[in-house]
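> The lines below spell out each chain.
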Amino acid sequence: DAKTTQPTSMDCAEGRAANLPCNHSTISGNEYVYWYRQIHSQGPQYIIHGLKNNETNEMASLIITEDRKSSTLILPHATLRDTAVYYCIATLENYQLIWGAGTKLIIKP
Amino acid sequence: EAGVAQSPRYKIIEKRQSVAFWCNPISGHATLYWYQQILGQGPKLLIQFQNNGVVDDSQLPKDRFSAERLKGVDSTLKIQPAKLEDSAVYLCASSLEGGSGQFFGPGTRLTVL
Numbered sequence: 001d002a003k004t005t006q007p008t009s010m011d012c013a014e015g016r017a018a019n020l021p022c023n024h025s026t027i028s029g030n031e032y033v034y035w036y037r038q039i040h041s042q043g044p045q046y047i048i049h050g051l052k053n054n055e056t057n058e059m060a061s062l063i064i065t066e067d068r069k070s071s072t073l074i075l076p077h078a079t080l081r082d083t084a085v086y087y088c089i090a091t092l093e094n095y096q097l098i099w100g101a102g103t104k105l106i107i108k109p
Numbered sequence: 110e111a112g113v114a115q116s117p118r119y120k121i122i123e124k125r126q127s128v129a130f131w132c133n134p135i136s137g138h139a140t141l142y143w144y145q146q147i148l149g150q151g152p153k154l155l156i157q158f159q160n161n162g163v164v165d166d167s168q169l170p171k172d173r174f175s176a177e178r179l180k181g182v183d184s185t186l187k188i189q190p191a192k193l194e195d196s197a198v199y200l201c202a203s204s205l206e207g208g209s210g211q212f213f214g215p216g217t218r219l220t221v222l
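Respectively, the protein sequence lines represent chains V and C. For the first sequence, this note's numbering gives the first residue as 1, with consecutive numbering after it. For the second sequence, this note's numbering gives the first residue as 110, with consecutive numbering after it.
Be careful, since some hints might not be right.
[Unchecked claim] Output of the computed footprint for chain C on chain V, the stretches with three or more beta carbons under 8 Å from beta carbons of chain C:
(1) 49 to 62
(2) 96 to 104
[What the hints assert, rightly or not] Straight-line Cα separation of at most 30 Å, DSBU-like style, residue types lysine-lysine; simulated pairs:
(3) Lys171(C) to Lys3(V)
(4) Lys180(C) to Lys153(C)
(5) Lys52(V) to Lys69(V)
(6) Lys187(C) to Lys120(C)
(7) Lys171(C) to Lys108(V)
(8) Lys104(V) to Lys180(C)
(9) Lys52(V) to Lys3(V)
(10) Lys171(C) to Lys124(C)
(11) Lys187(C) to Lys124(C)
(12) Lys153(C) to Lys52(V)
(13) Lys153(C) to Lys3(V)
(14) Lys192(C) to Lys120(C)
(15) Lys69(V) to Lys3(V)
(16) Lys124(C) to Lys153(C)
(17) Lys69(V) to Lys171(C)
The hints are simulated quantities; they were obtained by calculation from the structure and are not laboratory data. By construction, the Cβ of each residue, glycine as well, lies at the ideal position given by its N, Cα and C atoms.
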């Protein structure tokens, strides 16, 4: 699996867009980028995933650069409930997930 | 749609005792995973089942950990005997075959004294 690099922590004001970066410079052509988050004392929650094209769902948008070496998860209007650890994982579809330490996102009122 | 169910939510045991965790995945999900999550770290895969067969158990400490998924639905994870370093949250997840992501249960927090 490709290794991913994420900032340790980030802050964002409530109501603003939260942009979480992820570097995956060694990603292979058939590896997807997955995003999960883990709210305190809960199991991880799937957010979104993509291969090449940008993706959007009801939770977030995923922007993948053309060379696929990095991506950004966008939470368009962050709320206090979005405070969590966000994990970016690059892996084959339906393959095991190898988790790093993630980014601790704190939404401030 | 019901999510992944796990029980118990919390368990406290003494070292060298045995413990078992139970997981009921989302209906129709063929793949089931058990993870161990130590405080401050991301989850670590212990074992992956496809229906009732083991796909990957390379990181399962087989001298003390065992898991089964009889009939390809529910699964149990057992630790016998437990060590202090087994204190962690044990997460169960499931996914559709060819599905888009893994769905996690709330986890079981194990404390070994």
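> So, for every hint listed, does it hold in this structure?
These are the hints, each one checked on the structure:
1. 49 to 62: violated (count 1)
2. 96 to 104: holds (count 7)
3. Lys171(C) to Lys3(V): 27 Å, holds
4. Lys180(C) to Lys153(C): 25 Å, holds
5. Lys52(V) to Lys69(V): 11 Å, holds
6. Lys187(C) to Lys120(C): 13 Å, holds
7. Lys171(C) to Lys108(V): With a Cα-Cα distance of about 44 Å, the restraint between Lys171(C) and Lys108(V) is violated, given a limit of 30 Å.
8. Lys104(V) to Lys180(C): Distance of about 39 Å is beyond 30 Å: violated.
9. Lys52(V) to Lys3(V): Holds. Lys52(V) to Lys3(V) sits at ~17 Å (cutoff 30 Å).
10. Lys171(C) to Lys124(C): Given pair Lys171(C), Lys124(C) holds - Cα atoms ~17 Å apart, limit 30 Å.
11. Lys187(C) to Lys124(C): 14 Å, holds
12. Lys153(C) to Lys52(V): 27 Å, holds
13. Lys153(C) to Lys3(V): 15 Å, holds
14. Lys192(C) to Lys120(C): 14 Å, holds
15. Lys69(V) to Lys3(V): This hinted pair holds, its Cα atoms lying about 11 Å apart.
16. Lys124(C) to Lys153(C): 22 Å, holds
17. Lys69(V) to Lys171(C): Roughly 37 Å between the alpha carbons, so the hint for Lys69(V) and Lys171(C) is violated.
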